[in-house]
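Student: Residue numbers (this note's numbering), protein chains in the order written: chain A, 9 to 103; chain B, 7 to 482.
None of these hints come from the bench; they were simulated from the model. Quick caveat: nothing in here was measured; it's all calculated off a predicted structure. No false leads were slipped in.
Within a straight-line C-alpha distance of at most 20 Å, the following computed SDA-like cross-link-like pairs (lysine to any residue) qualify:
#1 B:K94 / A:V19
#2 B:K94 / A:P89
#3 B:K120 / B:Q319
#4 B:K464 / B:G437
#5 B:K94 / A:L25
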Amino acid sequence: MKLDPSEVLRVAVLARLDVDPDEAHALSRQLSDILDYVAKLEAVDTNGVPPTANAVQIPGPRRPDTVRPSLPPATAVAGAPESEGNDILVPRILA
Amino acid sequence: MRYEAVIGLEVHAQLKTASKIFCGCSASFGAPPNTHTCPVCLGMPGSLPVLNEKAVLYAVRMALATNCRVNLESRFARKNYFYPDLPKGYQISQYEAPVAEHGWLDIEANGAAKRVGITRIHMEEDAGKLVHDPHRPVSRVDLNRAGTPLIEIVSEPDMRAPEEAGAYLRGIHAILRYLDICDGNMEEGGFRCDANVSVRPLGQKEFGVRAEVKNMNSFKNVERAIAHEIRRQVELIEDGGTVIQETRLWDADLGKTFSMRGKEEARDYRYFPDPDLLPLVLDPAWVEEIRAGLPELPQAKRARYVAELGLSQEDAGVLTADHALARYFEEALSVYNKPRPVCNQITGALLALLNAKNLSVDASPVPPERLAALVGLVEDGTVSGNTAKTVLEKMAATGRPPREIVEAEGLVQVSDEALIEQAVDEVLAAGPDEVAAYKGGKTKLMGFFVGETMRKTKGKANPKVVNGLLKKKLEA
Chain A
9 MKLDPSEVLR VAVLARLDVD PDEAHALSRQ LSDILDYVAK LEAVDTNGVP PTANAVQIPG
69 PRRPDTVRPS LPPATAVAGA PESEGNDILV PRILA
Chain B
7 MRYEAVIGLE VHAQLKTASK IFCGCSASFG APPNTHTCPV CLGMPGSLPV LNEKAVLYAV
67 RMALATNCRV NLESRFARKN YFYPDLPKGY QISQYEAPVA EHGWLDIEAN GAAKRVGITR
127 IHMEEDAGKL VHDPHRPVSR VDLNRAGTPL IEIVSEPDMR APEEAGAYLR GIHAILRYLD
187 ICDGNMEEGG FRCDANVSVR PLGQKEFGVR AEVKNMNSFK NVERAIAHEI RRQVELIEDG
247 GTVIQETRLW DADLGKTFSM RGKEEARDYR YFPDPDLLPL VLDPAWVEEI RAGLPELPQA
307 KRARYVAELG LSQEDAGVLT ADHALARYFE EALSVYNKPR PVCNQITGAL LALLNAKNLS
367 VDASPVPPER LAALVGLVED GTVSGNTAKT VLEKMAATGR PPREIVEAEG LVQVSDEALI
427 EQAVDEVLAA GPDEVAAYKG GKTKLMGFFV GETMRKTKGK ANPKVVNGLL KKKLEA
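Isolated chain A, as found in the complex (with noise of 0.2 Å):
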């Protein structure tokens, strides 16, 4: 499956990865082949086997519906580029 350099990038922009060009051309070699790899997978009859999300098959936890205590908000922007008081700040958005 051959994956070309065009796709790379228009891959990379929407996991805001900087790929140039060369780089591109190199990834969509080293792409190319692991889903070639995988795509050996294609030889197996897979006729009637439900698609595996999860390792282990049993239904999802759920929790009762009741409020536990929040961080601080210092601490909950403190891992932020740019914060102001409670505030985290990202360059402006929207014109």
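Chain A is fixed; fit chain B onto it per the hints.
Tutor: Coordinates of chain B only, in the frame set by chain A:
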């Protein structure tokens, strides 16, 4: 050429849970920024989401109330995109296996009944909120809303007119309120709607290219925005242009939709099953228990009001469109069981009063049992229907019960024929010209005589008695 519009709606309803969908942070609205966050809703590495049981219950309630098939096994998926209000870089939603599918809602619009299909209902988490700083080139991120529970209700493209979309939306809103699972506040964003709109030549089978219209924060605006978008697309096609698939924002002040360009449109969400969440598996017995516990829904209630209480379709529709109003009506009925006069007092004077004061029925200054007492006074002849309006206003202003107001202000209706006859005689004696004209065929003057008599009696005379006496004397 004539065109037909094709409309589908996506409704997001915030569920009224105490905590968020995957963590124990409070889901309440209006707290100071970033005070309801934790490692799970901030998307910290190593944290794990655990599903809120009540959010599931609410989603299943809505599914059953809209005739959906509940999927006993559904799954959560990651919808990947980058935006500052989305801390994880993905939204947990449901994609190929939603909690419910294949429902419908019956609506009435433009004088016709119609069934609108519901494609699916899925559960998801909300994003945070961005506030754009008016003075500096920054946006402020508040993540209190990030991770609060939503259901998205997706309709089939079954609607053909803005009024149908409005009726569908009001129907969905009413059901959410009856089920008490969503506060339904459109302005605060607790109930939001996006519309997919396309047009096609009448008779053509294939759909036209659709635009998605966003940013409509009232029922009225949803209808206006869709009507405008239909017009825009038809004009564009007639001028030789083509509609492109895009997202458009409604501007209520300008009454127009605008193209929303840029990264918002780079729509490639790369959905995949969320490995942090195991399948949502429902016990069929639990689903049936929820079904059995559903309250009477708007359409059933409306039908019952017509069939059992003898109300008109229209009145029953007004009372049942708003759950709080229906509850008010039923509480008043439990005190004074005459459905029609109670209904009239509510849909007439009470709603006028509430509208004038811009109050919801829950905040009515006149409680239902007091309104029922007032209707009782009208029905037993103590006050006239006209005076009742004044009494209701005084009840609202003073908080006093109706009988007290009527007695203190001398508003008791006069039904004594002798007293009224005296006033009638005076009125007729004072207007010989009008009497002659009436006898000459100007029967419309009856209104004048009634008005004069009522004025003489300070509005207290029983209008039925006044009418009877005037007729007797003028037509003798």
